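**Student:** As given, the protein sequences belong to chains U and S, one line each in that order.
So in our numbering, spot 213 of the first sequence is number 213, and the numbers just go up one at a time.
Each number in our numbering comes from the position in the second sequence (counting from 1) with 226 added on.
Calculated from the structure, these hints are not laboratory results.
Values in this document were obtained by computation on a predicted structure and should not be read as measured data.
Cross-link-like lysine to any residue pairs, in silico, SDA-like; alpha carbons within 25 Å at most:
1) S:Lys261 with U:Asn63
2) S:Lys868 with U:Thr96
3) U:Lys206 with S:Glu877
With beta-carbon atoms standing in for the labels, derived distance ranges:
4) S:Lys624 with U:Asn134: 53 to 63 Å
5) U:Gly123 with S:Ala648: 54 to 64 Å
6) S:Lys382 with U:Lys206: 53 to 63 Å
7) S:Glu309 with U:Gly135: 50 to 60 Å
8) S:Glu358 with U:Glu170: 57 to 67 Å
9) S:Glu295 with U:Ala55: 13 to 23 Å
10) S:Asp413 with U:Leu176: 45 to 55 Å
11) U:Asn134 with S:Thr409: 32 to 42 Å
12) S:Glu295 with U:Gly123: 38 to 48 Å
13) U:Gln65 with S:Arg336: 29 to 39 Å
14) S:Pro927 with U:Leu176: 18 to 28 Å
15) U:Asn134 with S:Glu537: 54 to 64 Å
16) S:Gln779 with U:Gly135: 32 to 42 Å
17) U:Asn86 with S:Arg811: 39 to 49 Å
Every residue, glycine too, gets a C-beta built ideally from N, C-alpha and C.
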Amino acid sequence: MRDRKDQNESGSGFSRRDFLKGSSAAAAATAMATSATESPAQQSQSQGNVASAEARDVTLSINGQQHTLSLEPRVTLLDALRNDLNLTGAKDVCDTTTCGACTVLIDGKATYACARFAVECEGAEIQTVESLRNGSEVDEVIEGFVEHDAMQCGFCTPGFVMATRAFLNENPNASLEDIQKGLGGNICRCGTYHGITQCALQIAQKGGACSWLNERLVGDLVAKTA
Amino acid sequence: MAERTIGWGPRSENRLIGSEVQRIDGVGKASGAAKYTADINTPGTLYAKLLTATIAAGKVTRLNVAPAEEMEGVHAVHVLNGEGAEIRYEGTLLAAVAAERPEIAEDAVRAIEVSYEPSEFFVDDDNLEAAEAAGRTKPQGENTQGDVEAALSAAKVVHKGYYGINTITHMCLEPHGSHCEFTGDEDLTVHLSTQNVSGTGGQFAGPLGIDESSVSIICNYIGGGFGSKFQAGEWGLACAQLAKKAGRPVRLMLDRSTELKIAGNRPSGFAEVTIAGDADGNITAWDSHHWGTSGINGSVVRLSLIPYVFEIENRNRKATGIVCNRGPNQAWRAPNHPQLSALTATAMDDLADKLGMDSYDLFKKNLDKTERPDVYAAEMEVGAKIIDWKAKWHPHGKGESRGGVKSGVGMALHTWGGRAHAAICQLKVHSDGTVESYGGSQDLGTGTKTIIAMTIAETFGIPMSKVKVHVGSNAYPKSGPSGGSTTVGGVSGPNRRASQEALWKIMDLVAAKYGVDADSVEAKDGYFRSGGKTICSWTQACRLIGPMPLEVQGTGPKDDGLTDQGVGGVQMADVSVDTETGIIRVNKFVCVQDCGLIIDLLTAKSQVLGGMIMGIAYALSEEQVMDNNTGRFINADLENYKLPRIGDVGELVAEMYQPDSEYDRGVIGLGEPPVISSGGALSNAVANAIGVRVPVLPMTPQRVLEALKGGQA
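Isolated chain U (complex conformation) (with noise of 0.2 Å):
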């Protein structure tokens, strides 16, 4: 049986890479729309190559470091970042790809952690939300959600913040209409939306800008891709 690396390379079977061009047009925050045109172009292209069910070495890139796995291909992103290597930002809520509590960044895009398999982001750059806080310092959206108390129990607050990051950068200058439908994606059940529409607003304001730590890693993307 040939990974799935095998089959990118030799340009059979399918690609991450060509799935993320279909959705290439969805807001960054709208991952249940990325999630709901993604699975059928995998199944069909897949479709012939399936993969063995058994644990395989997994090479993850996450938040710059690079983390080898043992993992079942079945085990999605958000189980292996959870239970393999403790990053807990990303929680699990509600099974069905629908409420956005487990949006990283894959390639710079907001996706729900829980719609991909650990073994389909063999190569893509992942940031979790732990990569917007160094020790004290911390990205200027963790700044405004405390800033306009965008949070109660916080359990959807990482996700949300996950996805605010990625769409300030990919909406510098979001209007008010702007931030209400790309943060649609995600669900807060305690309801802080008012902050977290105050705070996207406040820093749309200022121009999405960015802090040293996304600077960083949005640099990194585009050289990457360049």
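Following the hints, complete the assembly by docking chain S onto the known chain U.
**Tutor:** Coordinates of chain S only, in the frame set by chain U:
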């Protein structure tokens, strides 16, 4: 400072209390560093998955877990309801499996062989006739006061209406669950997603046959509770049993579907209401019969609270519970109130319409029948200004239609107690000037830790960075469960008392050391002063404490004026309804809320805004949908159980009503009130827009269209 009496300081002298202070754990939560129960991964942790019943009623005729036990990677299987067990609702837990990996546990659950003998079930809670025919009704009381018949015949207008509000769930984003780990055979550490840190140890000890003193309960962060997380739960006990059998730590969180089916819901309420008034809009008679279900025990929302907020002289009321094969209810934010508010405020609004009155005027006219007419009147005035009521209200349905979109405004009132729960705190002042507070409370996201730190820092006149707050462990002095808006008073009272007492002790040390009169010493901005002169800094004063910390215990509640109970509140909504699609948009939604002394204005407003959004949810979109053919909860997931998203809530205004008279009352809880009157306010706004009542909440597009067609929603 002269007299040493417990109390809050003069409002104008507060440095922190009453201002907007960011929550102290905000960065931890937003950056993903905060560890919730679902995040606990101690070395060797096994993952548990559950097998649940797929029938609404019947018997388990076979349950063979051997195939699961034999699987590689499976460490323990625990049967909760085996052969012969009776099933009374879908989702009942049958067995739990703990395995090396979650996917192995899922395989093992699938390998378990189960069969049932189904029996008759009933889930149709709004159909009173069918429930009676099926023998599923339970009388839940009736009573009478005054002379309703006479009042009805003397009334200028009598209105009869049918109203309802469906069952909703708590939908905690962190499901119910725990992480259990034994040290040796006896000592059990439970990370529990709980609103009741101090009160759940015994629930584990008894069934496991261990001492209560051997159970440690820890909950540093909880991902939502809303009233549903006071118990260890059978899933909690199952987790502990698995950990015991496996000799390894186990984490068991309910999956989303099971969470919705069995971990709690808010009972439904449906009512036939007759309401009558005189020409001036005075409500003269009320007659209601309400029914609904809380699930299998067949209780119903409380009889004694209808009509809600308003005490009507001539009143008949009756309640009937329906026994349904649905998961058990749990307290849901402001138990009973949102349903009864919706059933009452909508009928009042329809009466106003029949009288040809502005419903604002009718509510105002009847404020003398409430417990706090002045507060409601003031709040209504503030709310009306913000929502521009006078410009926006029109007789029901008589507003302008813009391409089929019609707008309207509506309002409703609410009330809640919010008395402080019992609690103890242990305060430590160290010789380096740092302070710690310990209490077995929990921060549900309301800002409990922040308001404790504010209370202490305000009392000592020191920065909040000097204060460490410890909650979330049953090793700390006990604190009441966080429910019913009891926590803010529960924890601020004891911490204020302890801080004041500690401060007086430090003042005595300062007075002795520097030779001044202790009664003349004041603490402010990090310094001690006497007679207008600075004596020493806070840090210098704390050095006088010596190597052992100064410890003071604070208790509560007490009748010393720090806390109080009883609030009002008003909500007003401005909505647009698309009469072609039935879609309702909230344009603006206002809550004017009193709550006594506000400690943190920022988190207080967050509570109100959050309540309003939950109110929009149950008014417009969320509901438990049961299938009468299968008895199953068919939208038990986050995709089909509709919650509003960020673009669905409109402009929200949380206006805290805080004249000095409120400050002087002391601290009163705030969590429940702002979630109560949303259903009534939004329903009334929709009726004002389209001219017909959408009788049942949530007002889904389908129900709106049915109401417009004149059909039953």
